[in-house]
Amino acid sequence: MSPGPHIPDDDALAGEYVLGVLPLDARRAVEKRIAIDTEFASLVASWQTDLAHLDDAYQPEAPPQGVKARIDARLFAEAAKPAGGLWSSLAFWRGLAFAAIAVAAIGIFQTSLQGPADPVAAPSLVAELGAPGSSVGLVAALDPASGVFSITPAAFSPEDGKSLELWLVPGEGAPVSLGLVPGDGGQLVLTPDLTGRLSAGALLAISLEPVGGSPTGAPTGPVVLSGELGQK
Amino acid sequence: MSQPDLSDLIARTALGDRKSFSALYAGTSAKLFGVCLRILKDRAQAEDAVQEVYVRIWRRAGSFRVGQASAMAWLVTIARNQAIDMIRARQPATLEYDDAPDVADPDPDPEARAALSGEARRIEACLGELETDKAAAVVDAYVEGLSYQELAEKNSVPLNTMRTWLRRSLLKLRECLNR
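Residue numbers (our numbering), protein chains in the order written: chain A, 1 to 232; chain B, 1 to 179.
Just so you know, the hints here were simulated from the structure itself, not pulled from any lab data.
For each residue, glycine too, the CB sits at the ideal point set by N, CA and C.
One or more of the hints may lead you astray.
As the list claims (entries may be wrong) - Lysine-lysine pairs mimicking DSS-like chemistry, simulated, CA-CA at most 30 Å apart: (1) A:K32 - B:K19; (2) B:K134 - A:K68; (3) A:K32 - B:K41; (4) B:K134 - B:K19.
To be verified - Output of the computed footprint for chain B on chain A, the stretches with three or more beta carbons under 8 Å from beta carbons of chain B: (5) 61-69; (6) 189-197.
Isolated chain A (complex conformation) (with noise of 0.2 Å):
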């Protein structure tokens, strides 16, 4: 490594980033390495104490009422989930990176999540997964009637070499595989059984795994999504 050339690039690299002008990869590239470039880190933290001056031209207004309910209710009900088992590494639940996952907002989808489902069918069972700490997440829909499952939205990728895994979590016991996020979101047929287990209060759970999913049959990557069914 010459570090000589590269001061100028890597300081304009850290001015682009501190004013917020970069893409959502390169933020994230760049978040990479401030957590391991201390040099790099200090130059972020120079921009950051130099442009912090322009923070007066924001405009104090306070935030809706319920807004800080809201945020109690996230972080002390938190407390509240089931211990044990997959739960217990909450640890692996802060500082995901979501680099490479597209998102779009939450619940836009639900209308459209029944499709041409038998109106007289059994009702429809919708989970919405979501991490904490993140506005990220993703919408599934069960048809109990054929096992469907619907998983929107459908630009959810993981980064390359990964597959999405998608996981049953049981108040007791290791957590079932319900199979893999299919790459272009879209529907995963789960069987009858797997179905019959599946109600209101079930479990979701999505993990990282290598391609084709777990090699072990449990979940060996970080769970990056979370949620619970619910009738629809």
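Guided by the hints, dock chain B onto chain A, whose structure is given.
Positioned in the frame of chain A, the structure of chain B alone reads:
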């Protein structure tokens, strides 16, 4: 709320003191909501953002170091990062610009070096050394969270030109700030 008070509340938050966290929220949420609103320009999204911001503050309070940054600057950085990540997530993840355009530039005007005001306002003095539109681009990028694409459109220049401009401006600023 004074900076030492804020630092104290952050330190207590790091220890898991919910009362201090609530006091921190009461003292800073208007500013941080203002940051999210300015960047996201949408109230519902700004509400989502500010929730994420305080969840992060609760979790990361232990990484705040008094002396490294002012407490408010540290909080605003978290809010800016959250809001900018949210708008960038709606935009293309990559841009078709050349890698790191050449930033070599003639030496800055030596006469412009003269006028520097107080330490705290160095950034403004240094921005004053840039051409008006170049300085405005830096401020727009920072305050409004504009992307390269948006800056290029606003200034009616190609993306690559915009990036070269901004990187040169940053290096001039750094040179001035380090003087």
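Consistency of the hints with the structure:
no., hint, result
1, A:K32 - B:K19, "violated (33 Å)"
2, B:K134 - A:K68, "violated (39 Å)"
3, A:K32 - B:K41, "holds (28 Å)"
4, B:K134 - B:K19, "violated (45 Å)"
5, 61-69, "holds (count 6)"
6, 189-197, "violated (count 0)"
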